[in-house]
Every structure is written in C-alpha cells, then in structure tokens.
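All residue numbers for the sequence shown refer to our numbering, where the first residue is 97 and numbers rise by one.
Derived from the structure by calculation, the hints contain no laboratory data.
For each residue, glycine too, the CB sits at the ideal point set by N, CA and C.
Misleading hints may appear alongside valid ones.
[Stated by the list, open to error] Quick list of simulated restraints, FRET-style, between CB atoms: (1) Phe184 - Pro288: 26 to 36 Å; (2) Pro288 - Phe192: 41 to 51 Å; (3) Leu123 - Phe212: 38 to 48 Å; (4) Leu176 - Pro288: 43 to 53 Å; (5) Leu129 - Leu181: 16 to 26 Å; (6) Thr284 - Leu185: 37 to 47 Å; (7) Ala193 - Ala277: 26 to 36 Å.
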Amino acid sequence: MPFQQQQPPASWSLWLWWVTTSVASGLLGITVLRLATGVTDWLLFGLVYGAAQAWCLRRCIPHRMGWIVASIIGGAIGVLANLWLLAFLPPTVPLFARNLLDGSIRGLSLGLAQWFILRLTLRQSGWWLPASAIAMALALPLAVQANQFWSSTISEQGDGIVAWGVFGLVYGSISGAALLALFRAAATPPAPSP
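With the hints as constraints, model all of the structure from the sequences given.
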C-alpha cells in the first residue's frame with residue numbers, strides 16, 4: 097500500500113528550498129565534473145544532485161536513499177541514452193535543438209527513476225515524468241546559451257558557474273512547482289464517488 101504523508105509540505109517554502117538546493121547542487125556538481133572523468137563524473141554528479149534533492153525532501157518522502165539511488169541510475173541512463181541518440185543526429189541540427197532533445201531525454205530518464213520513489217508517497221505522481229522532462233528540456237539549452245553568452249567575458253571556471261546556476265534555477269523552478277502541485281494534490285482529499 098502506498099505511503100501517504102500525513103501533512104504534505106504544500107507551502108512555497110518547499111519550492112524555495114527545492115530551487116535553492118537545485119542551484120547549490122549544480123554549483124557543487126561542477127566541481128565534481130571537473131575532478132572526475134568519463135562515466136564516473138556523471139555518476140558522482142547524480143549522487144550530489146540526488147543527495148541534495150533527498151535532503152530537501154527529507155520531511156516529505158520516507159525513502160530518501162531510494163531517491164538518491166534512483167537519481168544516480170536515472171541520470172546515468174539519461175546520459176547513456178543521449179550519447180547513443182545524439183550520435184545519430186545529423187550535424188546540421190542546431191545546437192539549441194540538440195540541447196532541447198538532450199534535456200528532454202535526461203529529464204524523462206531521471207523523472208522515471210524518481211517516479212518509482214514518488215509513487216510510494218504521492219497520488220498522481222505520474223505527472224512527475226513530464227514535469228521532469230520539461231524542466232530539464234528548458235534548463236539545459238538555457239544553461240548552454242548562458243554559458244556561450246558569458247564565455248567571452250569571464251573565465252572558463254566562471255562561465256561554468258553561470259551555466260550551472262542558470263540550469264539549477266530553471267530546472268529547480270519548474271520541477272519545484274510540479275512537486276508543490278503534487279504535494280498540494282496529495283493534501284486534498286479525493287472527491288467522494290457518486
């Protein structure tokens with residue numbers, strides 16, 4: 097039987113914490129990406145991001161370790177799926193479109209893995225899949241655009257900070273609004289059957 101939180105945190109403070117942890121974990125994640133190489137960097141990045149999100153959801157979901165593991169697995173599958181799919185795209189596809197597709201696939205993969213945890217806590221948790229896909233589909237190309245804009249004026253380290261800050265802000269704002277809506281829906285009792 098699914099677990100139902102007695103008092104879901106249906107306030108804007110959840111959204112604010114989610115956005116804040118998304119930005120902070122993105123900024124911490126760039127350090128991880130610079131230290132590790134290959135597939136391990138994205139596994140470690142998934143660990144950092146998943147742990148930050150689990151901390152944010154610590155009062156909302158009982159399966160925090162499951163959230164972290166799901167984030168690592170979903171993120172890794174998303175990266176591998178993208179490497180495979182993007183290899184088949186013709187080079188004439190614009191960078192913005194590539195990043196939009198890249199973000200959609202990563203967001204869907206991550207959202208699906210995290211949904212397995214959310215469904216234990218929330219009714220209508222299936223909405224997390226499109227929310228995660230849309231959030232990352234918009235966050236990734238906007239972060240790349242910010243990176244390209246700032247790269248001519250600041251150092252390589254600085255433009256990474258701007259890019260991951262933008263990513264965390266966009267992803268966190270959209271996915272946080274979806275989480276808030278899901279927790280509010282869970283707090284509302286279902287309508288009685290006729």
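#### Entry: Hints breached by this structure
Checked against the structure, the hints that fail are numbers 1, 3, while the rest are satisfied.
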